[in-house]
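Participant: Using the sequences and the hints, build the whole thing.
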Amino acid sequence: MDMANANSRKIKAAETKSKIYQCADQLFREYGFENVSVDSIVEKAGISKGSFYVHFDSKDALTAALIGEYVNKLDLSYKAFPETFPDSTKTSVILLSLVGKIAGIITDNIGYNLIKLAYRIQIDRNIGTGVLLSYGRDIYGVFSDLIRRGIRQGEFRMELDAAAVAEQLVTVLRGFTYEWCTRYPDFNLKEQILKNFEIMLSGLKK
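Sequential numbering of the sequence shown, starting at 67, is according to this note's numbering.
Derived by calculation from the structure, the hints in this document are not laboratory data. Ideal placement from N, C-alpha and C gives every residue a C-beta, glycine not left out. Hints should not be assumed to be uniformly reliable.
Claimed, not checked - Keeping only pairs whose Cα atoms sit at most 27 Å apart, straight-line, the calculated DSS-like set for lysine-lysine is: (1) Lys261 <-> Lys272; (2) Lys139 <-> Lys167; (3) Lys272 <-> Lys145; (4) Lys156 <-> Lys256; (5) Lys271 <-> Lys261; (6) Lys125 <-> Lys115.
Claimed, not checked - If you anchor each label on the Cβ, the simulated ranges turn out as follows: (7) Asn254 <-> Lys78: 16 to 24 Å; (8) Asp252 <-> Ser106: 44 to 52 Å; (9) Ile189 <-> Val104: 39 to 47 Å.
Facilitator: Structure representation (structure tokens):
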């Protein structure tokens with residue numbers, strides 16, 4: 067009986083946390099982070115404020131966790147993306163398609179407000195940033211694997227350090243995304259990223 071009760075509590079806690087995520091995400095997108103309070107989140111979720119603080123120390127902590135979970139899901143989709151291309155496809159084509167997909171998700175799915183908030187959280191460092199800053203993120207592995215693939219295919223130079231190149235590519239993605247935030251809405255993120263990556267990839271080729 068105790069085991070059944072414990073499992074029931076875990077399930078209920080997971081459901082509550084999921085409800086908080088969903089309601090906060092909806093409110094942030096509709097009204098902007100600054101205009102959403104913990105009170106409005108718990109009211110929409112239909113839970114008590116105490117239940118909120120069982121799961122999150124603050125609104126910032128909730129947002130960091132929300133973004134982190136979203137990033138993890140996206141990284142998994144990026145990991146599977148190269149497998150959608152025929153084996154004969156040039157690696158440079160896959161890389162350009164991948165960064166175009168990432169830019170599209172940033173602008174169309176995640177959106178300006180959450181990206182801006184993600185950068186503020188990383189800069190402030192007042193709460194754990196977790197996956198946001200981790201060099202262990204799957205996206206680094208995806209880029210590393212693609213660079214190695216290009217080397218094996220003979221498209222990229224043999225002497226390249228795949229992990230180091232991958233780190234630079236992700237850094238460039240972050241830099242252009244930051245530029246998009248500072249110049250929003252007068253900056254086409256996808257167009258600028260693709261233009262820059264074409265230049266960088268030309269330097270990797272034999």
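Participant: If a hint holds in the structure, say so; if it does not, say that too.
Facilitator: Outcome of the hint check:
1. Restraint check for lysine 261 and lysine 272: satisfied, since their Cα atoms lie roughly 20 Å apart, inside the 27 Å limit.
2. At roughly 14 Å between alpha-carbon atoms, lysine 139 and lysine 167 fall within 27 Å of each other, so this suggested pair holds.
3. Distance restraint check for lysine 272 and lysine 145: the Cα-Cα separation of roughly 26 Å lies within the 27 Å cut-off, and the hinted pair is therefore satisfied.
4. This hinted pair checks out: lysine 156 and lysine 256 have alpha carbons roughly 20 Å apart, not beyond 27 Å.
5. The suggested pairing of lysine 271 with lysine 261 holds, with an alpha-carbon distance near 16 Å, which does not exceed 27 Å.
6. Only pairs whose Cα atoms come within 27 Å are accepted, and lysine 125 paired with lysine 115 is accepted, the gap being roughly 12 Å.
7. For the pair asparagine 254 and lysine 78, the beta carbons lie near 45 Å from each other, so the given range of 16 to 24 Å is not met.
8. Taking 44 to 52 Å as the suggested C-beta distance range, the pair aspartate 252 and serine 106 does not conform, at roughly 31 Å.
9. For the pair isoleucine 189 and valine 104, the supplied restraint of 39 to 47 Å is violated, since their beta-carbon distance comes to about 22 Å.
Against the hints set out earlier in the document, violations occur for numbers 7, 8 and 9.
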